[in-house]
Amino acid sequence: MHQQLFLLYKWLMLAMAMKERDRERRERGRENGSRNGRRRKISSSSSLTLASDPTRILLGVNESSLKGYPNASISCRNAFDWTMQKIVRSNTNDFMLLFLHVHVPDDNEDGGGFDGMDRIFASPKDFRDMQERDKKRGLHLLKHFVDCCHQIGVPCEAWIKNGDPKEVICNEVKRIQPDMLVVGNRGLGPFQRMFLGTVSEFCVNHAECPVITIKRRADETPEDPIDD
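Taken in order, the sequence shown gives residues -17 to -1, 1 to 211; the numbers are from mature numbering (1 follows the signal peptide of the UniProt record, and there is no 0).
Among these hints, one or two may not hold up.
Derived pair list, reagent style DMTMM-like, types lysine to aspartate or glutamate, alpha-carbon separation capped at 25 Å [stated by the list, open to error]:
(1) K119 with D77
(2) K50 with D64
(3) K144 with E155
(4) K126 with D147
(5) K198 with E140
In short, the hints are calculated from the structure, not lab data. This one's a predicted model, so the numbers in the text were calculated from it and none came from an experiment.
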């Protein structure tokens, strides 16, 4: 674990050094342009030199299977805490956290995610109401992480997508091209993974960026490890 952290630290330092070198080149180019009589664009955020090109970390977050919305799962809470403590630390202007919540369509749910019973739809309005309710619950989940970032001073963005979490996360990685992806891991055994599969394992194999998986602590693992 210590060796992995050391390699991750070296990778982050190299990435930040390359970004700083590119920024200095752009600054020299703008200064040369100013000397040659060309206009120089002034930005209100010009004093935040590193914030203009931060290291972007995507985190997949989901609701708790035990408590439901708007409570975050144990795994994604741990992934967020680990990211803040081990990567961001006090360098709040050097990073941007991107929170993605994937809502699983109703056809793929077992009915227990929200109210423990099957839904009955009698009109198109019932479907619209359900979609609006699910969206609000997802927003409340994301608000928890956004509020935490704002309190600490870390730039962040958050959004919701519908679909299969593992496929949506990998598609979003391809679309937004973050510097890395951090996901929680329930720490399931091989027999459980065979039947259930895991989002983290799929992302490690298919996401087009470096992936870090954070396992739950033993003292936080529920009696049934499938729960989160």
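Discussion item. Please verify whether K126 and D147 have alpha carbons no more than 25 Å apart.
Written reply: With a Cα-Cα distance of about 22 Å, the restraint between K126 and D147 holds, given a limit of 25 Å.
Item to complete: Could you grab the alpha-carbon distance between K144 and E155 and see if it respects the 25 Å cut-off?
Response: 9 Å, holds
Worksheet item: Keeping to a limit of 25 Å between CA atoms, is the pair of K198 and E140 held or broken?
Response: 24 Å, holds
Worksheet item: Would the pair K50 and D64 pass a check requiring their Cα atoms to be no farther apart than 25 Å?
Response: 19 Å, holds
Worksheet item: Hey, K119 versus D77, does the alpha-carbon distance stay inside 25 Å?
Response: 31 Å, violated
The structure fails hint 1 only (numbered hints given earlier).
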